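Just so it is clear: in the sequence shown, position 149 is 149 by this note's numbering, and no numbers are missing.
There may be inaccurate statements among the hints.
Said to hold, decoys possible - For lysine-lysine, the following PhoX-like pairs were computed, each having C-alpha atoms within a straight-line distance of at most 25 Å:
{"hint": "1", "residue 1": "Lys148", "residue 2": "Lys227"}
{"hint": "2", "residue 1": "Lys206", "residue 2": "Lys95"}
{"hint": "3", "residue 1": "Lys227", "residue 2": "Lys239"}
{"hint": "4", "residue 1": "Lys134", "residue 2": "Lys230"}
{"hint": "5", "residue 1": "Lys206", "residue 2": "Lys239"}
{"hint": "6", "residue 1": "Lys148", "residue 2": "Lys206"}
{"hint": "7", "residue 1": "Lys134", "residue 2": "Lys263"}
{"hint": "8", "residue 1": "Lys57", "residue 2": "Lys134"}
{"hint": "9", "residue 1": "Lys230", "residue 2": "Lys263"}
{"hint": "10", "residue 1": "Lys57", "residue 2": "Lys95"}
{"hint": "11", "residue 1": "Lys57", "residue 2": "Lys148"}
{"hint": "12", "residue 1": "Lys263", "residue 2": "Lys239"}
{"hint": "13", "residue 1": "Lys206", "residue 2": "Lys227"}
{"hint": "14", "residue 1": "Lys263", "residue 2": "Lys148"}
{"hint": "15", "residue 1": "Lys95", "residue 2": "Lys227"}
{"hint": "16", "residue 1": "Lys206", "residue 2": "Lys134"}
{"hint": "17", "residue 1": "Lys148", "residue 2": "Lys239"}
Unchecked claim - Ranges of calculated distance between the beta carbons of each label pair, as one might list FRET restraints:
{"hint": "18", "residue 1": "Arg185", "residue 2": "Pro83", "range": "14 to 24 Å"}
{"hint": "19", "residue 1": "Gly43", "residue 2": "Arg185", "range": "37 to 47 Å"}
{"hint": "20", "residue 1": "Gln207", "residue 2": "Gly43", "range": "45 to 55 Å"}
{"hint": "21", "residue 1": "Val45", "residue 2": "Gly160", "range": "38 to 48 Å"}
{"hint": "22", "residue 1": "Gln102", "residue 2": "Lys263", "range": "45 to 55 Å"}
Keep in mind the hints are simulated off the structure, nothing from the lab.
These figures come from a predicted structure and were not determined experimentally.
In this text, a Cβ means the ideal position worked out from N, Cα and C, and glycines have one as well.
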Amino acid sequence: MVFEFLKRKLQETLSRPAPRVVPGSEADYEERRSWAENLYQQGRVDAAVDLLEELAKDLAGAGNFPLAVAIRHQISQWRSGQPVTAETAAVESRKMVEQRAQSGVFRRPEVPEEGLSSGLQRAVKSSPFMDELKAEELSSLLLSTNLKPFEAGDVAVAEGSEGNELFVVTRGVFGVETGGPGGDRVRVGTLHVGDFFGEVALMTGKQRVATVTAEAPSECLEITREKWEKLIATHPRLKTLVEDTIRQRAQLSAEAMLDHMRKKREEG
Numbered sequence: 001m002v003f004e005f006l007k008r009k010l011q012e013t014l015s016r017p018a019p020r021v022v023p024g025s026e027a028d029y030e031e032r033r034s035w036a037e038n039l040y041q042q043g044r045v046d047a048a049v050d051l052l053e054e055l056a057k058d059l060a061g062a063g064n065f066p067l068a069v070a071i072r073h074q075i076s077q078w079r080s081g082q083p084v085t086a087e088t089a090a091v092e093s094r095k096m097v098e099q100r101a102q103s104g105v106f107r108r109p110e111v112p113e114e115g116l117s118s119g120l121q122r123a124v125k126s127s128p129f130m131d132e133l134k135a136e137e138l139s140s141l142l143l144s145t146n147l148k149p150f151e152a153g154d155v156a157v158a159e160g161s162e163g164n165e166l167f168v169v170t171r172g173v174f175g176v177e178t179g180g181p182g183g184d185r186v187r188v189g190t191l192h193v194g195d196f197f198g199e200v201a202l203m204t205g206k207q208r209v210a211t212v213t214a215e216a217p218s219e220c221l222e223i224t225r226e227k228w229e230k231l232i233a234t235h236p237r238l239k240t241l242v243e244d245t246i247r248q249r250a251q252l253s254a255e256a257m258l259d260h261m262r263k264k265r266e267e268g
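All chains should be modelled from the sequences, with the hints used to inform the complete structure.
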């Protein structure tokens, strides 16, 4: 009798719908990915993939292509254990563009412009890879990227090292630090889902200008220098978007450094 009771409870747990929080929020995105992973670990691969397919549709519908691409990589791994193929990328990219045209339900939150400088307004509105990309651009992005996991405490990039990769955060959170006056470390930012890093060294050939460390189990879309150069040769608009954000980020980092120096002087 006890066994039958436990069996029924297990079946109820496996069959209940995925929990939802605020629709369209970052928590909603993470909740749906976590639920799909639970199903996959239970051996319910088809159900897990179906859940990710719906999430990918919502993301693409909102034009949030980095996260949609991350989901497509996850689906490919679960279905075949192999990277996305050129044929699959072409099919899925056309599907994502169609979903965007049909206006999906997973919306990026509106960011109020009150109190923001004109530079910050531009940064908010021009996040790379999040415009209405063409199918060919999305297909190339799918083929050029892969998913890379990080554990809490892992250093994704180290200041002063050679930079041959660009990363887009698709899960988790990262802290950004750089060397300050006197050799102390200065916190210059925090990266969340949708942010990107590693672009300065990749674009300029210079050494990494900051250390980026995972502060929780995290994941990124990764693109190597070789694949990036091929991508922007075909789709130069992506390079322009990243260059614009590099200029804005340099300004914000300078402001963080000046603020740190002011605090040091105030401390005597």
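Hint-by-hint comparison with the structure:
With a C-alpha separation of about 15 Å, the suggested pairing of Lys148 with Lys227 holds against the 25 Å cut-off. Taking the CA atoms of Lys206 and Lys95, the gap is about 38 Å. The hint is violated against a cut of 25 Å. A hinted pair counts as satisfied when its Cα atoms are at most 25 Å apart, and Lys227 with Lys239 qualifies at roughly 13 Å. For the suggested pair Lys134 and Lys230, the alpha carbons sit about 17 Å apart, so the restraint of at most 25 Å is met.
Between Lys206 and Lys239 the CA atoms are separated by roughly 17 Å; this keeps the pair inside 25 Å, and the hint holds. Under the criterion of a C-alpha separation no larger than 25 Å, the hint pairing Lys148 with Lys206 is consistent with the structure, at around 23 Å. A hinted pair counts as satisfied when its Cα atoms are at most 25 Å apart, and Lys134 with Lys263 does not qualify at roughly 47 Å. Proposed proximity of Lys57 and Lys134 is supported: the alpha carbons are some 16 Å apart, at most 25 Å.
For the suggested pair Lys230 and Lys263, the alpha carbons sit about 44 Å apart, so the restraint of at most 25 Å is broken. The suggested pairing of Lys57 with Lys95 holds, with an alpha-carbon distance near 9 Å, which does not exceed 25 Å. Annotation: proposed proximity of Lys57 to Lys148 holds, straight-line Cα distance about 22 Å (limit 25 Å). Only pairs whose Cα atoms come within 25 Å are accepted, and Lys263 paired with Lys239 is rejected, the gap being roughly 36 Å.
Proximity of Lys206 to Lys227 is assessed by CA-CA distance (about 18 Å); at most 25 Å being required, the pair is judged to hold. With a C-alpha separation of about 37 Å, the suggested pairing of Lys263 with Lys148 is violated against the 25 Å cut-off. For the proposed pair Lys95 and Lys227, the alpha carbon gap of about 23 Å is at most 25 Å, so the pair holds. With a CA separation close to 31 Å, the supplied pair Lys206 and Lys134 exceeds the 25 Å bound.
Taken as a hint, the Lys148 and Lys239 pair is honoured in the structure, with Cα atoms around 22 Å apart against an allowance of 25 Å. Between Arg185 and Pro83 the Cβ separation comes to about 37 Å, which falls outside the hinted range of 14 to 24 Å. The beta-carbon spacing between Gly43 and Arg185, approximately 45 Å, falls within the hinted interval of 37 to 47 Å. Judged by the Cβ atoms, the range 45 to 55 Å given for Gln207 and Gly43 holds: they are separated by roughly 46 Å.
With their beta carbons about 43 Å apart, Val45 and Gly160 fall inside the hinted range of 38 to 48 Å. In this structure the supplied range 45 to 55 Å holds for Gln102 paired with Lys263, their Cβ-Cβ distance being about 50 Å.
When held up to the earlier numbered hints, the structure conflicts with 2, 7, 9, 12, 14, 16, 18 and fits the remainder.
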